[in-house]
Amino acid sequence: MQEDIAALTGERPGPGTLYGAIRRLEEQRLIEQMPEQDRRKPYRLTDLGARALQAELVRIRTVASTGLRRLATA
Amino acid sequence: MRATVIRLVMALYPAPVRDRYGAELTDLLAHSTRPWRDAVDVGRCALADRAATWTWARSRPQLLRLAWLAAAPLGFGLAALVVAVGVVGIVTAWVEDGGYETAGAAPYAGRDASAIVRDGIAGNLSPAVSPAAFSVSILLSMLAVCGMIAALTLLVAPRHHLVAPVLTLPASLTVGILAIANLPIVGDVLGQTRSATVLSALCWCAAMLTLGVVITVLIRQGHTRIAVAVLVIGGLATLELTSALYASAARPAAADGVSAFSVWPLSIGGFADPSRISTDTLGSLPAMLTMCTTFALTRVAAIAVHQRKARFLKSQKPTTRSQHA
Numbered sequence: 001m002q003e004d005i006a007a008l009t010g011e012r013p014g015p016g017t018l019y020g021a022i023r024r025l026e027e028q029r030l031i032e033q034m035p036e037q038d039r040r041k042p043y044r045l046t047d048l049g050a051r052a053l054q055a056e057l058v059r060i061r062t063v064a065s066t067g068l069r070r071l072a073t074a
Numbered sequence: 001m002r003a004t005v006i007r008l009v010m011a012l013y014p015a016p017v018r019d020r021y022g023a024e025l026t027d028l029l030a031h032s033t034r035p036w037r038d039a040v041d042v043g044r045c046a047l048a049d050r051a052a053t054w055t056w057a058r059s060r061p062q063l064l065r066l067a068w069l070a071a072a073p074l075g076f077g078l079a080a081l082v083v084a085v086g087v088v089g090i091v092t093a094w095v096e097d098g099g100y101e102t103a104g105a106a107p108y109a110g111r112d113a114s115a116i117v118r119d120g121i122a123g124n125l126s127p128a129v130s131p132a133a134f135s136v137s138i139l140l141s142m143l144a145v146c147g148m149i150a151a152l153t154l155l156v157a158p159r160h161h162l163v164a165p166v167l168t169l170p171a172s173l174t175v176g177i178l179a180i181a182n183l184p185i186v187g188d189v190l191g192q193t194r195s196a197t198v199l200s201a202l203c204w205c206a207a208m209l210t211l212g213v214v215i216t217v218l219i220r221q222g223h224t225r226i227a228v229a230v231l232v233i234g235g236l237a238t239l240e241l242t243s244a245l246y247a248s249a250a251r252p253a254a255a256d257g258v259s260a261f262s263v264w265p266l267s268i269g270g271f272a273d274p275s276r277i278s279t280d281t282l283g284s285l286p287a288m289l290t291m292c293t294t295f296a297l298t299r300v301a302a303i304a305v306h307q308r309k310a311r312f313l314k315s316q317k318p319t320t321r322s323q324h325a
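Residue numbers (the UniProt record's numbering), protein chains in the order written: chain Z, 1 to 74; chain B, 1 to 325.
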């Protein structure tokens, strides 16, 4: 998960930062832990989490497209 | 080394977070390619979590325990004084019966033992009570109190949970010693030179911290005999060092001609020649540090043994369950 985030954002989160985020997401019921596979402990999005992520991505897309449009006309 | 660092940073997390994510975080830290950076990240996040979940109600029992620990040096001092008064009373009665009369009539007849202890500390002891008899009484009293401290600590210590005892124990006791050192009259009994007392107490705290870590690690690894040897030798070396440091800081000129290793054993019973070592300035600090050392090291060792037993029992549980299955 650390490497995945590093590839996506260019910055690898430390274990403390990562598990701080996981704990908050779990508390808000946006993700849930799946059964352990070998030594891996996978998490998955809940339905609530998927809806929240969808809304957040739409918001980001709106902000990004608006910003790019205004930058082009400036 | 890495395992110790991981244990330390994991101990910073609030217990519920540690119970829920401890195994995963430990696994990530153990296999990290940047262990120090990740350990700092975990430590920072653990402290942030602890600050976010801090409540007065939850912290009150721990703070009360630390306050009791800070008050412990005062309790040790009072206990030593009471026992010393008792022992000197017995010695005085013996002197009055003619068992150890050195000159003239018994001037302490009809007076309480606390007056003799007071005169003995002030150096105005009557010839009827030999200074050696007084010194032996004080030394025996202190040894008796140390024995009682060790016995009570072994009996009670594992029952009371203490956060990071290796750190909080010497730190709280040092706060207590420094508080006594700054009291108007009692502070002078502890040590006449305040700056030297502070230096000696801080040095003692650092030594106890180091010894505590070493003893805990040795006990966890199963080297109990080596841990006991480190406890005894390290404890004595700490007392030597802190007493010599005090003597050097308080009276640098007086300490020149004296072996540093003679300061503690001589001063603890008041045997030293005041013109050479000037134990007057040392006061009761060596005795106080001896009692605090006994308490701190015994308690750290008892907690480490208790934790090792608990870990062993925990590791046995799944085996028992699988055997039943």
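Treat the hints as calculated values from the structure; they're not laboratory data. Some hints could be false.
[Said to hold, decoys possible] Taking lysine to aspartate or glutamate and the DMTMM-like style, the derived pairs with C-alpha atoms no more than 25 Å apart in a straight line are:
(1) K41(Z) with D4(Z)
(2) K41(Z) with E27(Z)
(3) K314(B) with E24(B)
(4) K41(Z) with D188(B)
(5) K309(B) with D19(B)
(6) K309(B) with D27(B)
(7) K41(Z) with E11(Z)
(8) K309(B) with D49(B)
(9) K314(B) with D38(Z)
(10) K41(Z) with D49(B)
(11) K314(B) with D27(B)
(12) K314(B) with E36(Z)
(13) K41(Z) with E3(Z)
(14) K41(Z) with E240(B)
(15) K41(Z) with E24(B)
Note that this is a predicted model, so its numbers are computed, not measured.
Evaluated hints:
1. K41(Z) with D4(Z): Roughly 15 Å separates the two Cα atoms, so the pair holds.
2. K41(Z) with E27(Z): Measuring from Cα to Cα gives roughly 17 Å; hence the hint holds.
3. K314(B) with E24(B): At roughly 19 Å apart (the allowed maximum being 25 Å), E24(B) and K314(B) satisfy the hint.
4. K41(Z) with D188(B): 61 Å, violated
5. K309(B) with D19(B): Holds, at about 19 Å.
6. K309(B) with D27(B): Satisfied, since the Cα-Cα distance of roughly 23 Å is no more than 25 Å.
7. K41(Z) with E11(Z): 22 Å, holds
8. K309(B) with D49(B): Given pair K309(B), D49(B) is violated - Cα atoms ~30 Å apart, limit 25 Å.
9. K314(B) with D38(Z): Status holds; Cα separation ~22 Å.
10. K41(Z) with D49(B): 22 Å, holds
11. K314(B) with D27(B): 19 Å, holds
12. K314(B) with E36(Z): Distance of about 21 Å is within 25 Å: holds.
13. K41(Z) with E3(Z): Holds. K41(Z) to E3(Z) sits at ~15 Å (cutoff 25 Å).
14. K41(Z) with E240(B): 53 Å, violated
15. K41(Z) with E24(B): With a Cα-Cα distance of about 8 Å, the restraint between K41(Z) and E24(B) holds, given a limit of 25 Å.
When each numbered hint is compared with the structure, violations occur for hints 4, 8 and 14.
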